[in-house]
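Engineer: Here's the letter readout for the chains.
Protein chains: 2
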Amino acid sequence: MRIVIDAMGGDHAPECNVDGAWSAAMEWKDTQIVLVGDQAKIEPLLKAKGTAVPDNLTVHHASEVIDGDDEPVKAVRRKKDASMVVAGRMLKEKQADAMISSGNTGALMTTGLLVVGRMEGIERPALAPMIPTLDGVGVLALDLGANMDAKPEHLAQYALMGSLYREKVMGISKPRVGLLNVGTEPGKGNELTKLTFPLIEQLPIHFVGNVEARDIMDGTCDVLVCDGFAGNILLKSIEGTAGAMFKILKEQFSQSLKSKIGAALLLPQLKGIKEKMDYSEHGGAPLLGLSSLVIKGHGSSDANAVKNAVRQTRIALQSHLVENISKEISGK
Amino acid sequence: MRIVIDAMGGDHAPECNVDGAWSAAMEWKDTQIVLVGDQAKIEPLLKAKGTAVPDNLTVHHASEVIDGDDEPVKAVRRKKDASMVVAGRMLKEKQADAMISSGNTGALMTTGLLVVGRMEGIERPALAPMIPTLDGVGVLALDLGANMDAKPEHLAQYALMGSLYREKVMGISKPRVGLLNVGTEPGKGNELTKLTFPLIEQLPIHFVGNVEARDIMDGTCDVLVCDGFAGNILLKSIEGTAGAMFKILKEQFSQSLKSKIGAALLLPQLKGIKEKMDYSEHGGAPLLGLSSLVIKGHGSSDANAVKNAVRQTRIALQSHLVENISKEISGK
Numbered sequence: 003m004r005i006v007i008d009a010m011g012g013d014h015a016p017e018c019n020v021d022g023a024w025s026a027a028m029e030w031k032d033t034q035i036v037l038v039g040d041q042a043k044i045e046p047l048l049k050a051k052g053t054a055v056p057d058n059l060t061v062h063h064a065s066e067v068i069d070g071d072d073e074p075v076k077a078v079r080r081k082k083d084a085s086m087v088v089a090g091r092m093l094k095e096k097q098a099d100a101m102i103s104s105g106n107t108g109a110l111m112t113t114g115l116l117v118v119g120r121m122e123g124i125e126r127p128a129l130a131p132m133i134p135t136l137d138g139v140g141v142l143a144l145d146l147g148a149n150m151d152a153k154p155e156h157l158a159q160y161a162l163m164g165s166l167y168r169e170k171v172m173g174i175s176k177p178r179v180g181l182l183n184v185g186t187e188p189g190k191g192n193e194l195t196k197l198t199f200p201l202i203e204q205l206p207i208h209f210v211g212n213v214e215a216r217d218i219m220d221g222t223c224d225v226l227v228c229d230g231f232a233g234n235i236l237l238k239s240i241e242g243t244a245g246a247m248f249k250i251l252k253e254q255f256s257q258s259l260k261s262k263i264g265a266a267l268l269l270p271q272l273k274g275i276k277e278k279m280d281y282s283e284h285g286g287a288p289l290l291g292l293s294s295l296v297i298k299g300h301g302s303s304d305a306n307a308v309k310n311a312v313r314q315t316r317i318a319l320q321s322h323l324v325e326n327i328s329k330e331i332s333g334k
Numbered sequence: 003m004r005i006v007i008d009a010m011g012g013d014h015a016p017e018c019n020v021d022g023a024w025s026a027a028m029e030w031k032d033t034q035i036v037l038v039g040d041q042a043k044i045e046p047l048l049k050a051k052g053t054a055v056p057d058n059l060t061v062h063h064a065s066e067v068i069d070g071d072d073e074p075v076k077a078v079r080r081k082k083d084a085s086m087v088v089a090g091r092m093l094k095e096k097q098a099d100a101m102i103s104s105g106n107t108g109a110l111m112t113t114g115l116l117v118v119g120r121m122e123g124i125e126r127p128a129l130a131p132m133i134p135t136l137d138g139v140g141v142l143a144l145d146l147g148a149n150m151d152a153k154p155e156h157l158a159q160y161a162l163m164g165s166l167y168r169e170k171v172m173g174i175s176k177p178r179v180g181l182l183n184v185g186t187e188p189g190k191g192n193e194l195t196k197l198t199f200p201l202i203e204q205l206p207i208h209f210v211g212n213v214e215a216r217d218i219m220d221g222t223c224d225v226l227v228c229d230g231f232a233g234n235i236l237l238k239s240i241e242g243t244a245g246a247m248f249k250i251l252k253e254q255f256s257q258s259l260k261s262k263i264g265a266a267l268l269l270p271q272l273k274g275i276k277e278k279m280d281y282s283e284h285g286g287a288p289l290l291g292l293s294s295l296v297i298k299g300h301g302s303s304d305a306n307a308v309k310n311a312v313r314q315t316r317i318a319l320q321s322h323l324v325e326n327i328s329k330e331i332s333g334k
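Keeping their order, the protein sequence lines are chains V and E.
If you read the first sequence in the working numbering, its first letter stands for residue 3, the second for the next number, and so on.
If you read the second sequence in the working numbering, its first letter stands for residue 3, the second for the next number, and so on.
With the rest of the complex left out, here is chain V:
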């Protein structure tokens, strides 16, 4: 297994990527890990470790970096030697089996489309992060931002890909697949969801029908299918509401001495809730529908998150995720 890591992507790059890659290389000796990025910045970090660099960890130089505020398409087209683009090219040229990047999300989706390339039969790849649920398990939601104007056929492919990912990589047998909608009855929704429903119904997956936004956190499904626009509204509403509630809690709890004491007594519980609501705790998000595996790490990934992304990528490769999706989509 050969996994490339975009060493320059993410808020804590390159340190977190180097440290995470190092730990991963130490743990999984059967995996070749390549750090792609500025050699002058990466090498000193490796040297600082004080011991010999693991045999299965190498550096591939790339002179440019795509920043968080770069315009995605322009950046990918112009910065031909950016770490993210070089990593994508290595995937395309079969020098690697999978790539991980915690960099600019839009640029990574563009790299996926323009550099790595789509899987045959897939018109629009999808970004599939986890949304938190009350039971701590989470739901895989796709598409979350790659495809703003989805067609029913795209959503049906998302259902299939999401189900396979949840089964093969996350070990859930017969994942419950739901369609994000405004009501649970089959006839509900806008034109897109009304046309999508019968298409998903015909697929060889466990379709549980329409799911309302308010029921998602109760864990009513394992895979949630939606277009990129609605998915973005959903994810950011959850994020915004949780954030707002924490703000109010903080404000209210410092109102009086009595409430301050109460809050102090509840500190461990309040921390636990914050963690439960934090969807960034749930690992990297796959970009599904590409010719090779691409995993998007969170922008705020630390070394541990990078190592976990490698763990996730290994399972996906071992379970032949891409080949399985390809077989279902185009029969090849």
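In case anyone wonders, no lab produced these hints; they're calculated from the structure.
Just to be clear, a hint being listed does not mean it is correct.
Partner residues are not named here, just some residues of chain V that face chain E (Cβ under 10 Å, in silico) [to be verified]: (1) M3; (2) R4; (3) M132; (4) A152; (5) E155; (6) G185; (7) P188; (8) I240; (9) G242; (10) A246; (11) Q257; (12) A265; (13) L267; (14) P270; (15) L272.
Below, computed lysine-lysine pairings styled on BS3-like, alpha-carbon distance capped at 25 Å [to be verified]: (16) K276(V) x K260(E); (17) K260(V) x K252(E); (18) K190(V) x K81(E); (19) K262(V) x K252(V); (20) K249(V) x K260(E); (21) K276(E) x K249(V); (22) K260(V) x K81(E).
Virtual Cβ for every residue (Gly too), placed ideally from N, Cα, C.
Please arrange chain E on chain V, whose structure you already have, making use of the hints.
Structural biologist: Coordinates of chain E only, in the frame set by chain V:
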């Protein structure tokens, strides 16, 4: 001013409607209030008050009732003598100036469209409830469920109507109007929002541009424009997340004696937060774009909520809301 109240609509009908109408009639002597519904059920409630029925409160008999689980279009078409439909007809026939109903939302929107009728120049009326914000002021969001497949022209009309409502009825001068979108930059979004943006820009309102779902609770705008599908996802995500967080709070706070004591000390604050997050605290939702004023009360309305809906309706009538919208839309 003549206001009809659908006496049979809502979870606590007809009691709450009778009590609310009574209080409103007592407070506002210049307002004629008509309770529409089953006389055999309404009269005993009025008699039970023990004092003479106010002169400005009358009953108009209607033999049928539309239930919460009735299929909206069928119910409105078939139950010609349903309290909601009769109230709508009184509006159409100019026997009343406005109507209030806390009944089946879909049926009320259908009554608005098929019985009351649209305003000239409006293709799709919009339901405009309030969404809670951190500062307790709330944002008027439209459309929240009436129009699943909106066109850019519809959204532009929502922007205009919402701005007028917020100004005339809620007393906000130059309301800040935002467009629900996946990013704040003007070029962001799906086809619908991309085409809508320049249309709203040309309107004589205070357009603050795109607003992300996560920023809404911070009160970044006074009016939020969205299509019915995205609006439903937004509202129900907020509802679901707030509900989920209260569940986790409850669960976590009863974990140990220490946390139980903490929670007891914080009880008043926790209640305050629950109220802040409860969008049903924000009064009735107008159905904008009809030829007369229709206000949707919450299904769970109590007598006080019904009285508040009358207050809101009075302000809307006094400020000539419908005439003002009509002037802006069609120049008439």
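Engineer: Does K276(E) pair with K249(V) here, judged by a C-alpha cut-off of 25 Å?
Structural biologist: Holds. K276(E) to K249(V) sits at ~13 Å (cutoff 25 Å).
Engineer: Should the hint that P188(V) touches chain E count as held when the rule is a Cβ pair under 10 Å?
Structural biologist: Given a least distance of 14 Å, the restraint on P188(V) is violated.
Engineer: Under 10 Å, Cβ to Cβ, is where G185(V) needs to be relative to chain E, so tell me if that hint holds or is violated.
Structural biologist: With a minimum Cβ separation of about 9 Å from chain E (threshold 10 Å), the hint on G185(V) holds.
Engineer: Mind checking the CB of L272(V) against every CB in chain E and telling me if the closest is under 10 Å?
Structural biologist: holds, 8 Å
Engineer: Checking hints one by one. Is E155(V) an interface residue toward chain E, by the C-beta closer than 10 Å rule?
Structural biologist: Status violated, d = 17 Å.
Engineer: With a cut-off of 25 Å on the C-alpha distance, tell me whether K249(V) and K260(E) pass.
Structural biologist: holds, 23 Å
Engineer: Should the interface hint for G242(V) be scored as holding, given a Cβ-Cβ cut-off of 10 Å against chain E?
Structural biologist: Since chain E brings a Cβ to about 3 Å from G242(V), closer than 10 Å, the hint holds.
Engineer: Should the interface hint for L267(V) be scored as holding, given a Cβ-Cβ cut-off of 10 Å against chain E?
Structural biologist: With Cβ-Cβ at 3 Å, under 10 Å, it holds.
Engineer: Verify the proposed pairing of K260(V) with K252(E), using a straight-line Cα cut of 25 Å.
Structural biologist: holds, 19 Å
Engineer: Holds or violated: is there a CB of chain E closer than 10 Å to the CB of A152(V)?
Structural biologist: Hint holds; A152(V) Cβ to chain E Cβ min 9 Å, cut 10 Å.
Engineer: Can you verify the interface hint for M3(V): is its Cβ closer than 10 Å to any Cβ in chain E?
Structural biologist: Violated, about 35 Å.
Engineer: Identify whether the interface hint at R4(V) stands, where standing means a beta carbon of chain E within less than 10 Å of its own.
Structural biologist: This interface hint is violated because 35 Å lies over the 10 Å limit.
Comparing the model with each earlier hint shows violations of hints 1, 2, 3, 5, 7, 22; every other hint is respected.
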